[in-house]
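Protein chains in written order, with the numbering used here: chain F, 1 to 458; chain D, 1 to 458; chain B, 1 to 458; chain V, 1 to 458.
Incorrect hints may have been included.
Identical copies carry no separate label here, and so any pair may be met within one copy or between two of them.
What the hints assert, rightly or not - Calculated lysine to aspartate or glutamate pairs in the EDC-like style (CA-CA distance at most 16 Å, straight line): (1) Lys-60 to Glu-404; (2) Lys-427 to Glu-133; (3) Lys-447 to Glu-214; (4) Lys-455 to Glu-184; (5) Lys-139 to Asp-212; (6) Lys-80 to Glu-392; (7) Lys-417 to Glu-31; (8) Lys-215 to Glu-433; (9) Lys-447 to Asp-212; (10) Lys-21 to Asp-421; (11) Lys-354 to Glu-98; (12) Lys-17 to Asp-3; (13) Lys-367 to Glu-143; (14) Lys-354 to Glu-77; (15) Lys-101 to Glu-31; (16) Lys-427 to Glu-79; (17) Lys-76 to Glu-359; (18) Lys-417 to Glu-393; (19) Lys-367 to Glu-186.
Derived by calculation from the structure, the hints in this document are not laboratory data.
There are 4 protein chains.
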Amino acid sequence: MADSFKLISPLDFRYAKRELKEKAMRYLSEEAKIRYELEVEAAYIKALAEMHICPKEIVKEVEQASKSITAEHVQKEEEKTRHETKALVNCLKASVSERAKPFIHLGLTSCDVIDTANALRYKHFVTEALIPELRALEKLLIELALRHKATVQIGRTHGQHAEPITFGFALAEYVHRLGTRIVEIESKSNALHGKISGCVGAYNAIALFCRDAEKLEELTLKFLGLKPARYSTQIVPREPLTDFVHALISTMGVLANLADDFRHLQRSEIAEVAEFFASEQVGSSTMPHKRNPVAFENIKSFWKAFAPRMLTVYMDQISEHQRDLTNSASERFIPEILFACLYASHRTKNALAKLYVDEEAMLRNLKSASNKIVAEPLYILLALQGMPNAHEEIRRLALRAGNESLLELALKDKLLKKYLDNIPEEKLALLREPSRYTGFAERKTEKICGYWKKKLGL
Amino acid sequence: MADSFKLISPLDFRYAKRELKEKAMRYLSEEAKIRYELEVEAAYIKALAEMHICPKEIVKEVEQASKSITAEHVQKEEEKTRHETKALVNCLKASVSERAKPFIHLGLTSCDVIDTANALRYKHFVTEALIPELRALEKLLIELALRHKATVQIGRTHGQHAEPITFGFALAEYVHRLGTRIVEIESKSNALHGKISGCVGAYNAIALFCRDAEKLEELTLKFLGLKPARYSTQIVPREPLTDFVHALISTMGVLANLADDFRHLQRSEIAEVAEFFASEQVGSSTMPHKRNPVAFENIKSFWKAFAPRMLTVYMDQISEHQRDLTNSASERFIPEILFACLYASHRTKNALAKLYVDEEAMLRNLKSASNKIVAEPLYILLALQGMPNAHEEIRRLALRAGNESLLELALKDKLLKKYLDNIPEEKLALLREPSRYTGFAERKTEKICGYWKKKLGL
Amino acid sequence: MADSFKLISPLDFRYAKRELKEKAMRYLSEEAKIRYELEVEAAYIKALAEMHICPKEIVKEVEQASKSITAEHVQKEEEKTRHETKALVNCLKASVSERAKPFIHLGLTSCDVIDTANALRYKHFVTEALIPELRALEKLLIELALRHKATVQIGRTHGQHAEPITFGFALAEYVHRLGTRIVEIESKSNALHGKISGCVGAYNAIALFCRDAEKLEELTLKFLGLKPARYSTQIVPREPLTDFVHALISTMGVLANLADDFRHLQRSEIAEVAEFFASEQVGSSTMPHKRNPVAFENIKSFWKAFAPRMLTVYMDQISEHQRDLTNSASERFIPEILFACLYASHRTKNALAKLYVDEEAMLRNLKSASNKIVAEPLYILLALQGMPNAHEEIRRLALRAGNESLLELALKDKLLKKYLDNIPEEKLALLREPSRYTGFAERKTEKICGYWKKKLGL
Amino acid sequence: MADSFKLISPLDFRYAKRELKEKAMRYLSEEAKIRYELEVEAAYIKALAEMHICPKEIVKEVEQASKSITAEHVQKEEEKTRHETKALVNCLKASVSERAKPFIHLGLTSCDVIDTANALRYKHFVTEALIPELRALEKLLIELALRHKATVQIGRTHGQHAEPITFGFALAEYVHRLGTRIVEIESKSNALHGKISGCVGAYNAIALFCRDAEKLEELTLKFLGLKPARYSTQIVPREPLTDFVHALISTMGVLANLADDFRHLQRSEIAEVAEFFASEQVGSSTMPHKRNPVAFENIKSFWKAFAPRMLTVYMDQISEHQRDLTNSASERFIPEILFACLYASHRTKNALAKLYVDEEAMLRNLKSASNKIVAEPLYILLALQGMPNAHEEIRRLALRAGNESLLELALKDKLLKKYLDNIPEEKLALLREPSRYTGFAERKTEKICGYWKKKLGL
């Protein structure tokens with residue numbers, strides 16, 4: 001037992017709490033690691049029995065033994081062996097009959113067990129914890145987007161007012177991007193495979209007692225719901241893991257982008273959205289009035305903490321010859337990345353669920369930009385009337401526009417007159433009310449939301 | 001024209017040379033960038049005409065104009081506009097009739113052109129330059145692996161002699177891993193999409209003259225052989241690009257691993273392989289005898305130079321609201337990553353094509369390990385005879401083994417005797433000749449090579 | 001000669017132009033590299049002569065020869081030797097008398113020349129190009145800070161209005177942070193040392209003809225204005241280079257932060273500053289009205305492109321035994337980092353030199369925040385009157401403040417009355433005019449500017 | 001209390017154990033964080049009293065209160081306030097008299113406390129835990145280097161036999177490099193400063209009751225043994241922290257390089273060193289004979305896990321305006337980096353303390369290289385006789401040398417004869433016994449060890 005205030009890593013004492021802790025530790029803790037490894041050992045015995053290499057009778061006792069061993073047992077044994085898998089094997093052997101003992105771990109190398117167990121628990125984590133969280137977030141995003149599909153907002157590029165969109169359309173960006181990431185995480189976690197091929201991958205030891213070593217491998221993994229890597233050395237090739245972590249990190253990138261957008265929309269001068277603030281919550285220890293976007297700041301911060309770790313994963317792609325062990329510590333930190341992705345998804349969902357949206361502020365900001373917005377449709381309409389250098393003329397006019405509106409200036413301009421006169425009134429009306437100049441924003445929002453709803457069965 | 005010795009970047013003056021330069025610059029140079037952008041502008045006119053928005057007659061003249069404009073023209077114009085796409089548009093307008101002028105770039109934003117052109121040239125680069133290079137390398141690896149499928153070699157884990165494999169089996173690792181990367185690069189480059197959706201992605205301007213803006217987008221991209229991003233803001237979402245660069249970086253990781261393996265196999269004490277050395281080539285400016293693995297060192301070094309750039313790509317995933325431009329410089333360096341992957345593949349191929357393989361050295365190293373190798377099969381055979389703690393007993397015996405061989409020690413051991421006596425002679429023979437203890441190495445090599453040959457149509 | 005439009009790296013065709021190109025290529029180009037290496041070879045001959053190992057007469061001819069050899073000569077020779085230093089040595093030998101030939105490069109290893117030449121040119125680049133640029137930027141920042149030392153601005157934390165500062169005070173942040181980086185770059189470039197210790201660092205070859213090899217090393221380097229690394233293998237230890245690049249990257253980080261601040265201050269809703277916009281300049285190819293913070297975006301983008309390269313430098317810290325060559329390509333890219341730092345400094349200076357500061361907008365934004373600003377001084381003044389939980393009470397009051405001002409609410413509050421009554425009128429006046437609540441902002445600005453002016457002799 | 005097997009981070013359950021845990025948690029745990037923050041609050045009261053702002057009588061009670069509050073108290077309060085510093089302040093207020101309450105945290109912002117406390121605990125960690133560990137390691141390295149100063153070993157470049165050195169000389173590399181890092185860590189931890197300047201750095205609130213706010217700041221920090229940052233916003237500038245973490249990461253880089261060297265020296269074919277292996281320790285769960293360099297692999301792995309985190313630190317250099325909070329989570333992980341550096345140092349020390357050095361193997365490997373080693377001294381001696389192209393001739397000869405020794409070949413060569421005849425016998429003797437061709441290896445080892453012994457007072 002550890003005094004949690006004496007922990008050094010903030011992951012456990014600060015972030016992995018309550019429901020998230022419950023969800024995550026079942027797959028990502030040391031205990032989980034050992035539990036999954038024992039499951040692999042048991043599945044191997046089952047496969048040996050199926051192939052008539054060991055007696056069928058011992059399957060049950062090994063299975064039961066594998067369920068009775070705790071992480072604590074193994075850790076104690078490891079203090080002696082200084083080898084974690086050997087410790088686990090010793091514990092297992094000590095819990096079974098003499099008849100079963102010789103078959104425990106027979107012909108396996110540690111990584112047969114470790115790599116397979118990791119693939120399995122990462123997959124389970126994805127299916128049972130991460131994907132449900134991401135789907136809930138996606139669902140919420142779709143609801144929000146649809147609710148605000150017609151809420152006009154000024155579009156911003158370079159931090160400058162550009163042309164109008166709707167808030168729902170802005171949210172649809174994340175519906176789409178997050179949707180693609182859910183698909184990617186699912187696809188790449190499914191590509192995590194196991195291995196049962198011995199210490200250099202050539203089934204050397206297994207070949208001593210089994211003619212179809214690949215069948216034994218396939219069978220063991222089938223019992224676990226996995227497939228074998230097509231080729232392995234002492235370890236499975238690291239590319240699938242690399243792809244998988246990339247899927248997670250790039251998902252966190254999407255969330256970080258969303259967080260940045262909302263941080264800026266909450267700026268005092270913009271104030272189009274606001275994070276929920278509990279009545280007892282304090283924004284600043286000296287400024288009693290402060291309401292800060294702490295959740296979105298935190299989500300961005302998690303991305304900053306975890307994105308660089310991709311480099312560790314790339315470095316661990318390289319393992320000399322049939323493997324070196326310079327990934328001994330570094331890969332143990334991978335469960336932290338998995339947790340970080342869950343955490344960021346969860347926190348985004350919670351922040352959005354209680355988000356305050358100020359439609360009036362959106363309209364106010366849009367209106368303040370009206371004079372400028374008009375430049376684009378104006379030049380387009382002029383060009384459609386055959387004016388060859390409309391963009392250039394309007395750019396020059398915009399430079400002169402001060403208090404007077406660009407539209408008024410244009411209407412007075414002699415050069416433009418002949419083109420303007422031909423523009424149908426309904427089009428000109430748009431120039432007078434730029435909040436209607438939102439293109440297909442609403443329609444596209446519906447389409448994107450519809451697509452992902454169906455695609456993901458939400 | 002630039003004096004190439006005055007260049008700062010080593011990429012162009014040192015690495016992008018001769019055939020590689022030829023191959024790469026067609027897609028990756030500034031000139032290529034502009035050429036592709038002009039192609040997008042022309043395709044857009046074609047789509048406008050198809051949809052009866054502009055006269056069909058101007059299609060040809062725009063196409064011709066787009067082919068006549070050079071990078072130099074555009075650069076000169078950019079000095080005035082300080083906006084690269086506007087410069088290109090101006091050049092194009094200046095080359096067409098008054099009738100055509102208004103339709104050039106009508107309703108487009110710069111990124112419609114830039115993002116689409118980049119997707120297109122990256123895809124072409126992959127299809128026409130990178131994949132052919134990688135396939136040639138894969139083919140060579142398969143040939144080498146099959147040639148050496150039975151060449152015995154000691155397997156190494158932790159840099160220590162483990163159990164025997166074959167050199168072909170070691171090469172099959174790279175056949176497989178590189179194979180998966182070829183598939184990944186193809187898949188992720190195919191997912192690079194274009195966009196024609198205007199300055200905030202809502203087709204605002206296009207909607208002024210076109211009722212089915214998405215059809216116009218689709219059509220334009222179809223003419224180029226691309227598909228539209230399902231959703232876009234001012235820019236296409238960055239996840240597909242991120243996935244694509246990840247595929248490249250992880251490919252370079254596989255090559256770096258291969259390079260490391262061969263660097264170490266060339267160590268003076270191991271000396272199982274050697275890079276080709278030209279008769280005039282110098283290994284050291286002071287040690288006339290030196291033969292260094294310079295190609296493999298260089299391949300590793302390219303990986304070190306480029307893997308961290310993934311972080312830049314992750315940072316560029318984040319773009320505020322409908323886009324900010326803090327990717328203005330950083331994304332311009334992406335073609336360097338594409339080139340680096342081509343370079344590393346090319347250099348690996350050349351190094352392997354002339355690789356010297358010393359089968360005798362492999363055998364010698366294997367034999368020097370014989371005494372230890374035997375530990376694993378020995379414990380397995382004992383376990384199969386029902387000995388419950390065979391691993392532990394052999395581990396203890398191995399600690400005692402000095403000059404005497406482990407097998408001899410075992411044969412003298414009283415405790416082991418009763419088990420050893422029951423082991424069939426054919427199995428014991430294996431212990432006496434460990435170079436035969438290669439499991440399914442040969443068979444697996446054939447299988448892997450066969451699989452990838454077929455899968456990739458090599 | 002290279003067609004610059006056919007270059008792949010954007011560094012040379014896009015960023016290293018005109019004056020920056022001139023400044024940089026003298027130290028960072030391939031030509032510069034070779035020129036500096038020849039200088040090292042010549043200095044070595046001078047030292048050999050000084051120590052009576054070679055005839056004094058040859059010093060001059062070697063010096064002259066070293067000046068006559070061009071990068072092109074060396075490159076041609078390298079095609080034969082495939083070894084760049086040997087090529088250079090061959091060129092040099094071919095240009096001197098028979099008597100001089102044997103002494104050229106005698107006992108040196110390539111890295112004696114390469115590492116020493118790199119240290120020298122990086123130092124020169126820092127002293128002659130980078131530091132002058134950074135000092136000019138620092139000077140400009142000081143001028144701007146002093147000019148605006150009393151220009152009130154609302155301070156922002158979490159993107160939220162916090163308490164008032166002055167714009168000069170905000171600039172003083174960068175005066176200080178950039179000042180510390182100038183000092184750091186100078187200090188760490190001074191710690192770049194050379195080496196003349198042979199192929200494994202033990203002076204093996206030199207010891208054959210020189211009793212005090214360390215003196216020969218010291219002398220050679222003294223002629224160049226360098227010191228020897230206290231210890232070297234085939235190469236100088238990489239820590240000083242690592243520290244130096246860190247100094248550069250962290251300098252770019254300061255500039256990126258400055259750029260971000262100004263990007264956001266230029267947001268349409270904030271609009272306190274604006275980048276200069278040339279009259280012909282175009283902001284958007286479709287929105288004629290756009291004025292974007294392109295310089296600041298670009299500076300941030302350079303940081304994104306280069307910060308991750310620190311990882312490459314860390315990886316190159318590791319070199320097996322007396323050196324491996326897996327830094328062959330990766331370290332060749334270091335001059336790009338040096339250039340990037342120069343570029344970012346230069347561009348920041350130019351953007352700030354023409355910066356438009358809207359003092360009215362600053363005041364307007366500050367006033368819009370007045371109601372909230374008052375919360376902090378109010379609670380402090382109450383606490384100073386002995387109110388035990390002033391922060392908590394004001395926080396509650398702030399939650400209720402809608403249209404009514406917080407100060408008015410407070411004045412009406414019965415609980416607060418007894419404390420408020422005792423606050424001297426001059427303090428209460430501050431609450432009524434929050435733009436005066438800027439603390440020591442002005443004084444601190446002067447102090448910081450004064451300190452750095454003196455420290456750097458600006 | 002937390003079940004340690006349910007932790008997700010491997011840092012606490014696997015690496016921070018026993019003595020290391022004890023050493024580290026006093027500075028790096030959540031508890032330590034809060035303890036240090038309370039110390040800052042108390043020091044501030046002391047400074048307020050010293051400047052006659054608050055009554056002297058309350059100093060003692062605040063001090064006592066600050067010592068009585070536990071992390072658990074604060075955490076409970078934080079659940080309500082959702083603001084960690086406000087929670088701490090509330091706890092402190094609740095423990096003091098009504099008279100003291102108003103002065104607690106008066107005019108401070110959270111970061112005054114957090115940034116100052118972090119600077120302090122990081123400095124203490126360095127002085128009291130990390131530096132002692134590094135000094136012990138440095139001392140051990142010096143002992144080992146001196147012990148083996150004359151133990152001949154073949155120098156290796158590119159993994160190839162180069163010229164002879166001594167094993168002590170190879171170790172002296174790390175004596176030197178680690179020495180420079182100790183100095184760097186000390187210097188950069190000393191540059192970590194605190195701040196007491198309020199919510200935007202302009203001392204706004206403090207100025208309400210204190211005329212010399214900078215003096216109050218200085219005094220508070222003096223009580224803690226710190227200095228104020230010359231300039232601060234809501235936070236201290238991040239460059240000193242960045243420099244400090246760089247010093248740590250680059251230290252881990254030196255250790256990773258050392259680890260790589262020893263991993264390779266332990267390769268089966270080289271076998272010049274070996275890690276200690278406990279009698280009960282298991283090398284492989286299937287290969288009973290395996291002895292792996294697990295400690296050195298682990299040290300390298302820690303570097304892989306932590307070096308990329310520098311990027312997070314670089315990203316946290318950037319904080320918008322007077323600060324944003326996107327470092328909220330990311331900077332909480334910094335203590336992990338501090339711990340990792342301690343861990344790697346500790347593990348290196350332990351591995352070296354029990355290192356097995358096989359001097360015979362070193363000699364054997366050196367002798368196997370004799371034939372080649374001779375090439376360098378031979379060409380040097382010939383050049384010294386005036387032979388103009390000695391390197392080239394010997395390079396050609398070396399290409400021909402097969403079974404016959406290079407020296408024999410040379411002696412038979414007609415062209416070389418006239419030069420060889422003039423070489424003094426004592427020099428030729430060196431060619432016959434290359435193990436003496438170690439240059440100044442021994443002398444340099446002594447010098448380096450002497451220098452660092454004195455410099456660090458070891």
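Query - Violating hint indices (sorted, rising) - result: 1, 2, 5, 7, 8, 10, 11, 13, 14, 15, 16, 17, 19
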